[in-house]
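Chemist: These protein sequences, in sequence, are chains A and B.
If you're matching positions, the first sequence starts at 1 in our numbering and goes up one per residue.
If you're matching positions, the second sequence starts at 1 in our numbering and goes up one per residue.
There's no promise every hint is true.
Claimed, not checked - List of simulated lysine-lysine pairs, DSSO-like, C-alpha gap at most 30 angstroms:
1. 84(A) x 215(A)
2. 344(A) x 84(A)
3. 382(A) x 462(A)
4. 462(A) x 344(A)
5. 462(A) x 362(A)
6. 122(B) x 344(A)
7. 462(A) x 122(B)
8. 215(A) x 122(B)
9. 84(A) x 382(A)
10. 122(B) x 172(A)
11. 362(A) x 172(A)
12. 344(A) x 382(A)
To be verified - Listing some non-contacts, in silico: residues in chain A with all C-beta distances to chain B over 10 angstroms:
13. 133
14. 153
15. 282
16. 309
Unchecked claim - Taking CB as the label site, the calculated pair distances span:
17. 168(A) x 104(B): 24 to 34 angstroms
18. 104(B) x 166(A): 16 to 26 angstroms
19. 214(A) x 97(B): 36 to 46 angstroms
The set of hints was computed from the structure by calculation and includes no laboratory data.
The beta-carbon is built from N, C-alpha and C at its ideal position, and this holds for glycine as well.
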Amino acid sequence: MAEDDADIRCAGGRAPDPLVPGGWLEMREYGEEPVDFVIVGTGAGGAPLAARLAEAGFSVVAMDAGPFWRPLEDFASDESHQSKLFWTDDRIVDGDDPIVLGSNNSGKSVGGSTVHFAMVSLRFRPDHFRSRSLLGYGADWPIDWREMWDYYREVERVLHISGPVSYPWGPKRPRYPLRAHPLNAAADYLARGAEALGIDWAETPIATLSAPIGKAHPCVYRGFCVTGCSTNAKQSALVTWIPRALRAGAEVRDRAMVGRIETGPNGLATGVHYHRGGQWRFQRARAVIVAGYAIETPRLLLASATADQPDGLANSSGLVGRNLMIQLNQAAWGQVDDEVRSYKGPPSLAVSEHWNYRDEGKDYHGGWSYMSQGPLPVTWAKTLAGGRGLWGRELLDEMERANHSVGLKMVGEALPNAANRVTLADETDQYGLRIPRVTHSYSDNERAMMRHATRFMEDSLKATGARETWREMGDTCHLGGTARMGFDRTTSVVDADCRSWDVPNLWICDGSVFPTVGGVNPSLTIQAIACRTADRIVAMSRQGAL
Amino acid sequence: MRGRSLALPLVRILLRIARPASREARAATFFTGGAAVLAGSVLADSATEHYRGSFRNPAMVLPLLSASASLIINGGGGSFSRKTADVVHVAAGAVGLGGLGFHAWNVGRQTGGYRLGNLLYKAPLGAPGALVLTGLLGAIAGALRESRAGAVVPRLVTGRAAGAVVAFGLAGTVAEAGLLHFRGAFHNPAMWLPVSIPPLTALSLARDVARAIPSPATPYLLAMTATLGLAGAAFHAWGVSRNMGGWRNWRQNLLAGPPIPAPPSFTGLAIAGFGALLLLKGRTHG
Numbered sequence: 001m002a003e004d005d006a007d008i009r010c011a012g013g014r015a016p017d018p019l020v021p022g023g024w025l026e027m028r029e030y031g032e033e034p035v036d037f038v039i040v041g042t043g044a045g046g047a048p049l050a051a052r053l054a055e056a057g058f059s060v061v062a063m064d065a066g067p068f069w070r071p072l073e074d075f076a077s078d079e080s081h082q083s084k085l086f087w088t089d090d091r092i093v094d095g096d097d098p099i100v101l102g103s104n105n106s107g108k109s110v111g112g113s114t115v116h117f118a119m120v121s122l123r124f125r126p127d128h129f130r131s132r133s134l135l136g137y138g139a140d141w142p143i144d145w146r147e148m149w150d151y152y153r154e155v156e157r158v159l160h161i162s163g164p165v166s167y168p169w170g171p172k173r174p175r176y177p178l179r180a181h182p183l184n185a186a187a188d189y190l191a192r193g194a195e196a197l198g199i200d201w202a203e204t205p206i207a208t209l210s211a212p213i214g215k216a217h218p219c220v221y222r223g224f225c226v227t228g229c230s231t232n233a234k235q236s237a238l239v240t241w242i243p244r245a246l247r248a249g250a251e252v253r254d255r256a257m258v259g260r261i262e263t264g265p266n267g268l269a270t271g272v273h274y275h276r277g278g279q280w281r282f283q284r285a286r287a288v289i290v291a292g293y294a295i296e297t298p299r300l301l302l303a304s305a306t307a308d309q310p311d312g313l314a315n316s317s318g319l320v321g322r323n324l325m326i327q328l329n330q331a332a333w334g335q336v337d338d339e340v341r342s343y344k345g346p347p348s349l350a351v352s353e354h355w356n357y358r359d360e361g362k363d364y365h366g367g368w369s370y371m372s373q374g375p376l377p378v379t380w381a382k383t384l385a386g387g388r389g390l391w392g393r394e395l396l397d398e399m400e401r402a403n404h405s406v407g408l409k410m411v412g413e414a415l416p417n418a419a420n421r422v423t424l425a426d427e428t429d430q431y432g433l434r435i436p437r438v439t440h441s442y443s444d445n446e447r448a449m450m451r452h453a454t455r456f457m458e459d460s461l462k463a464t465g466a467r468e469t470w471r472e473m474g475d476t477c478h479l480g481g482t483a484r485m486g487f488d489r490t491t492s493v494v495d496a497d498c499r500s501w502d503v504p505n506l507w508i509c510d511g512s513v514f515p516t517v518g519g520v521n522p523s524l525t526i527q528a529i530a531c532r533t534a535d536r537i538v539a540m541s542r543q544g545a546l
Numbered sequence: 001m002r003g004r005s006l007a008l009p010l011v012r013i014l015l016r017i018a019r020p021a022s023r024e025a026r027a028a029t030f031f032t033g034g035a036a037v038l039a040g041s042v043l044a045d046s047a048t049e050h051y052r053g054s055f056r057n058p059a060m061v062l063p064l065l066s067a068s069a070s071l072i073i074n075g076g077g078g079s080f081s082r083k084t085a086d087v088v089h090v091a092a093g094a095v096g097l098g099g100l101g102f103h104a105w106n107v108g109r110q111t112g113g114y115r116l117g118n119l120l121y122k123a124p125l126g127a128p129g130a131l132v133l134t135g136l137l138g139a140i141a142g143a144l145r146e147s148r149a150g151a152v153v154p155r156l157v158t159g160r161a162a163g164a165v166v167a168f169g170l171a172g173t174v175a176e177a178g179l180l181h182f183r184g185a186f187h188n189p190a191m192w193l194p195v196s197i198p199p200l201t202a203l204s205l206a207r208d209v210a211r212a213i214p215s216p217a218t219p220y221l222l223a224m225t226a227t228l229g230l231a232g233a234a235f236h237a238w239g240v241s242r243n244m245g246g247w248r249n250w251r252q253n254l255l256a257g258p259p260i261p262a263p264p265s266f267t268g269l270a271i272a273g274f275g276a277l278l279l280l281k282g283r284t285h286g
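For reference, chain A alone in the conformation it holds in the complex (with noise of 0.2 angstroms):
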């Protein structure tokens, strides 16, 4: 490999092939003259916008902090290695119920996180965009289901999603583009055990092709998904929208680390002061998108103040950071006499989404789903030492029967809490810009679910024959809601449109701009709603109402 890891690719009229060992691709270069939208991240958010803004006609400038990789020849069968996807950069985090940050909710590579996401492509439920109104809890969102449902169409077509040809729960869909995968050995437990206890399960819808699609390999079942798919099957960000924005003329711009978002005299934002190749540098542009999922997508605001706007940029609501939301991610573990192997393949290839889609029987609001389990081993040595506490020669003798060990585990929806919050710390970081603080606690609801669904998955688990089955409690994954979209400038921080209320060249489209989370992974609305804040940012752009 002639490049090191930690070099800048995107340069030079050109960027890196993701799907071709030592490939690039031509890429237009925009200098730091002014561009018509600068985006400050690439992941499910950013990338989307990118390709589609560029496809538009606009001049993009699309910047990540973190490196462009071409998984087949940078990625390695190895957990420990492949940590460079995640954010590790410093936090503050605090609250009763710190969040465990770095890993599962966070991504540090041009794609983002979906470079090491785990594929699950759900919608929401339809009711779930309108929980205040039909179900008591939560906040609605501006926008209704049935666009939605269009959208999630557009994105799941791009990610040539596989899933079952029936889905058991919500409005008839249309299929998905390609068949699913078989299961493996863990998602028929998931399989058994739903059918013992009378509830439907499926096949999950699955960010990994099960067809060859253009210069990628169908998926080979290798279970590293978590970590980063070295085959590009996984349709992440990475090879799916970003060489699509480049295609388009738009500019990808690799290691750029963007510390603040400069505003002019009335009030617009005029352009981003990022660091890059080891210097502050600026880039002009109409309009800022800021896509840089629930931490630091507040971070940037809050590091935005300015004289007029005080306490963060778009931020008149005193609304940004505040709602952050996680999604619980509690489990239900057992031994079974077959060897299960569940690392091999994609980890959650069956779902449930009984409990998102059926109100009755719970004790608290929100909604659930969950699926089965594939850990690599260390993931499974640290869920054994940290989640069950075991250690020395118990921890072991029990990895030795990792091959016959059997879980689910849940999605399940946070309450949106204005107390559970992102702000600044005093303490600054490589750049010198001032640590994220992460404050985080759960409420009753939250605990209500967790108790709810692990009794489930546990008597699931022992539908199926399963024994010494255990609970883990401890875990959280996806982030959202520190931006909320909303219908009002007094109670969220940007419009239907991801545009927002105070600085109307300033827009926000990722996960912060949840009003709930719902109880399903998040990327494929997150991708949705940035393939709509397109088309209206298209249509506002011909009404001259940019």
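Starting from the known structure of chain A, arrange chain B on it as the hints suggest.
Modeler: Here is chain B on its own, set in the frame of chain A:
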């Protein structure tokens, strides 16, 4: 090796057709040729797939043995005794039927039973049927060789029987290709070909059997189907190359990619179809 097992019977067929012989003898050659190609396809396909399944059940070796015997008998073109040949044809039928039953049982006992996911990924329900077809075509060829040359009634009966077997076999193979190509989401437009041309061939042949008069379209459709079977193998070889590591990683990708030996079963059936046409055509002026 796989290439040779397919090429040999084809060469024999061409040699025999060139030689002047009775209509029955020529038809029999088509049937044995078709049966040999089919046997070769079954042998290579079940060998790969059952190897992939680690021969977990000892019975999984049976189709390999049976298809090998059928390949030898049919490829050997009458150099074996009728009795030996009959044993092999009957064995092929029995192993094939047993396989159909076993595959059906195997799918049925999976979680969710006969739900689509199991039909797509577990033991293919129709595949052992190819071995039954091999046995039937071989047996028809044997019966033909015994029959008196020029006898109008047996010619019509065997022509119709063989035509029905081929039409039915084509329909089954189309179903199998359709199911598995659906599994691949028809990601390459060429994947529609085996569910477009062979069904027409099967229909045309079935109509010929019903009317006892070959239509002029059938030979063309049979020729296209035979060609498609070989083209399919080439397409599948290309499909193997699209898996991670391509042909360099052949040991894994031959198992993971589309089955190269499967499409030539269309070729085998189409060759046998020509035999059926020959008999139907000759029923009045043989």
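Chemist: Each hint needs a verdict: does it hold in this structure or not?
Modeler: Here is how each hint holds up against the structure:
This hinted pair checks out: residue 84(A) and residue 215(A) have alpha carbons roughly 25 angstroms apart, not beyond 30 angstroms. About 22 angstroms separates the Cα atoms of residue 344(A) and residue 84(A), which keeps this hinted pair within 30 angstroms; it holds. Proposed proximity of residue 382(A) and residue 462(A) is supported: the alpha carbons are some 24 angstroms apart, at most 30 angstroms. Restraint check for residue 462(A) and residue 344(A): the C-alpha separation of about 22 angstroms stays at or below 30 angstroms, so the hint holds.
Between residue 462(A) and residue 362(A) the alpha-carbon distance is near 21 angstroms, which keeps this suggested pair within the 30 angstroms criterion. At roughly 17 angstroms between alpha-carbon atoms, residue 122(B) and residue 344(A) fall within 30 angstroms of each other, so this suggested pair holds. Restraint check for residue 462(A) and residue 122(B): satisfied, since their Cα atoms lie roughly 26 angstroms apart, inside the 30 angstroms limit. Among the hinted pairs, residue 215(A) with residue 122(B) is consistent with the structure: their alpha-carbon atoms are about 28 angstroms apart, no more than 30 angstroms.
The straight-line distance between the Cα atoms of residue 84(A) and residue 382(A) is roughly 18 angstroms, inside the 30 angstroms bound, and the hint therefore holds. Distance hint between residue 122(B) and residue 172(A) is fulfilled; the C-alpha atoms sit about 27 angstroms from each other, no more than 30 angstroms. Restraint check: the Cα-Cα separation between residue 362(A) and residue 172(A) comes to about 25 angstroms, which is no more than 30 angstroms; the hinted pair holds. Between residue 344(A) and residue 382(A), the direct Cα distance comes to roughly 19 angstroms. Compliance with the 30 angstroms bound is thereby established for this hinted pair.
Every Cβ of chain B is farther than 10 angstroms from the Cβ of residue 133(A); the closest lies at roughly 37 angstroms, confirming the non-interface assignment. The beta carbon of residue 153(A) sits about 16 angstroms from the closest Cβ of chain B, which is more than 10 angstroms, so the claim that it is off the interface holds. Residue-level check passed: residue 282(A) sits 43 angstroms from the nearest beta carbon of chain B, beyond 10 angstroms. The Cβ of residue 309(A) lies farther than 10 angstroms from every Cβ of chain B, with a closest approach of about 50 angstroms, so its non-interface assignment holds.
A beta carbon spacing of about 25 angstroms between residue 168(A) and residue 104(B) agrees with the range 24 to 34 angstroms that was offered as a hint. Take residue 104(B) and residue 166(A): their Cβ atoms lie about 22 angstroms apart, and the range 16 to 26 angstroms holds. Taking 36 to 46 angstroms as the suggested C-beta distance range, the pair residue 214(A) and residue 97(B) conforms, at roughly 43 angstroms.
The earlier numbered hints are all upheld by this structure, with none contradicted.
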